[in-house]
Amino acid sequence: MELFLILLKQIAIMALLAAVGVYLSRAGFLSAQGAKDLGAILLRVVIPCVIVKSYITQFSRERLVQLALSAGLALLGFVLAMAAAYLAYGKRRRIENFAAAFCNAGFIGIPLAQAVIGEEGVFFVAATVALLNLFQWTYGVYIMTDRRDAISLKAIAKNPVVIAIVLGVALYLSRLPVPSIISSTLGYIAGMNTPVAMILIGTYLAKLPLSRLLDRRAYGCVLLRLIAIPAVLLLALWALPISDSQVAMAVFLAAATPVGANICVFAQQYDCDYEFSVVTVCLSTLLSAATVPLLAYLAQMVL
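In my numbering, the protein residues as written are 1106 to 1408.
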């Protein structure tokens, strides 16, 4: 019950932060270009700092095992999610496929894991964020375009989140001391993650007519993303002999998050239905306020 209350409180805080974004957007204080710039700051600066900061911690053999375990479980989660999304939608309904396959591990998964588990939660979720970016820019691009030549390995290599994880792991494994002034600066920037991410989600909500949230087409992929895929992953985690329940919980929390906001970027870039992509993000984010605490409470009993 304690975990359920923590999650409920965290989601309530996120909802209030999103409401700030709605207000700023509708009042004209945050323009469309401003929201786009805010998203760029989040992706290129804030989330990378969150990840690097999570790896500035004392090295231990146990932590190294936990890092490998989190990567393996995250890979399992994405394989299950992509397989389920493809079986449900194939390449005929590209937005639904992408929406169901890819969670919001960076914007929402990191703050959730941080609230429930602490700084270690970010350490465990970092592998999920890395794999999310890798699969979005490869498999995700293929789904959106139906063209293998559209996949850009150069774009993956230049992705700030991927660079941050490589840098963070290198710092962790090398055990190099990081000056406190650097660590503190990273900490201040990392503290912006939750408010900036949720304010940005609020700007999406502000632009969306409420009638579009009743779009029946969206409910199938949203329920697949929020309920069916996490349930299958939870069953797999329960069946596996996992000794570290904290790692499993962190990976599961990230996998249970709503549709990743990057779908809007990909929809615009590859001339797909942008407005419908916003519907999947907003609808799933609203419904996750109910599904995430319930699934997490169930996971706490099972894992």
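By construction, these hints were calculated from the structure, which means they are not laboratory data.
If you're wondering where the values come from, they're calculated on a predicted model, not measured in any experiment.
Glycine residues also receive a C-beta, built at the ideal position from the N, C-alpha and C atoms.
Be careful, since some hints might not be right.
[As the list claims (entries may be wrong)] List of simulated lysine-lysine pairs, BS3-like, C-alpha gap at most 27 Å:
1. Lys1114 to Lys1196
2. Lys1259 to Lys1114
3. Lys1312 to Lys1141
4. Lys1114 to Lys1263
[Unchecked claim] Listed next, with one range per pair, are the computed distances between beta-carbon atoms:
5. Pro1284 to Lys1263: 25 to 31 Å
6. Ile1268 to Leu1192: 41 to 47 Å
7. Lys1114 to Lys1312: 24 to 30 Å
8. Leu1328 to Val1184: 33 to 39 Å
9. Arg1252 to Val1184: 18 to 24 Å
10. Ile1286 to Tyr1191: 44 to 50 Å
11. Ala1188 to Met1406: 25 to 31 Å
12. Ala1145 to Arg1252: 37 to 43 Å
13. Ser1279 to Leu1319: 29 to 35 Å
14. Ser1165 to Arg1252: 28 to 34 Å
15. Tyr1293 to Tyr1191: 40 to 46 Å
16. Ala1260 to Ser1136: 24 to 30 Å
17. Arg1168 to Ala1120: 32 to 38 Å
Quiz item: Hey, Lys1259 versus Lys1114, does the alpha-carbon distance stay inside 27 Å?
Solution: 40 Å, violated
Between Pro1284 and Lys1263, does the C-beta distance stay in 25 to 31 Å?
27 Å, holds
Check: Are Ala1260 and Ser1136 spaced within 24 to 30 Å by their CB atoms?
Finding: 27 Å, holds
Go ahead and decide if the range 18 to 24 Å is satisfied by the Cβ distance of Arg1252 to Val1184. 22 Å, holds
Distance restraint evaluation - Ser1279, Leu1319, Cβ atoms, bounds 29 to 35 Å | 53 Å, violated
- Query: Taking the beta carbons of Tyr1293 and Tyr1191, is their distance inside 40 to 46 Å?
  - Reply: Cβ of Tyr1293 to Cβ of Tyr1191: about 41 Å, so the range 40 to 46 Å holds.
Q: Confirm or reject the claim that Ala1188 and Met1406 have a C-beta distance inside 25 to 31 Å.
A: For Ala1188 and Met1406 the Cβ distance comes to about 26 Å; the hint holds.
- Message: I want to verify a distance hint. Is the separation of the beta carbons of Arg1168 and Ala1120 within 32 to 38 Å?
- Response: 33 Å, holds
- Message: Looking only at beta-carbon atoms, does the pair Ala1145, Arg1252 fall within the given range of 37 to 43 Å?
- Response: Given a distance of about 26 Å, which is not inside 37 to 43 Å, the answer is violated.
Can you tell me whether the CB distance of Ser1165 to Arg1252 sits inside 28 to 34 Å?
45 Å, violated
**OP:** Given the hint that Lys1114 pairs with Lys1263, test it: the Cα-Cα distance must not exceed 27 Å.
**Re:** 36 Å, violated
Quick check: does the Cβ-Cβ distance between Ile1268 and Leu1192 fall within 41 to 47 Å?
33 Å, violated
In terms of the numbered hints stated before, the structure departs from hints 1, 2, 4, 6, 8, 12, 13, 14, listed from lowest to highest.
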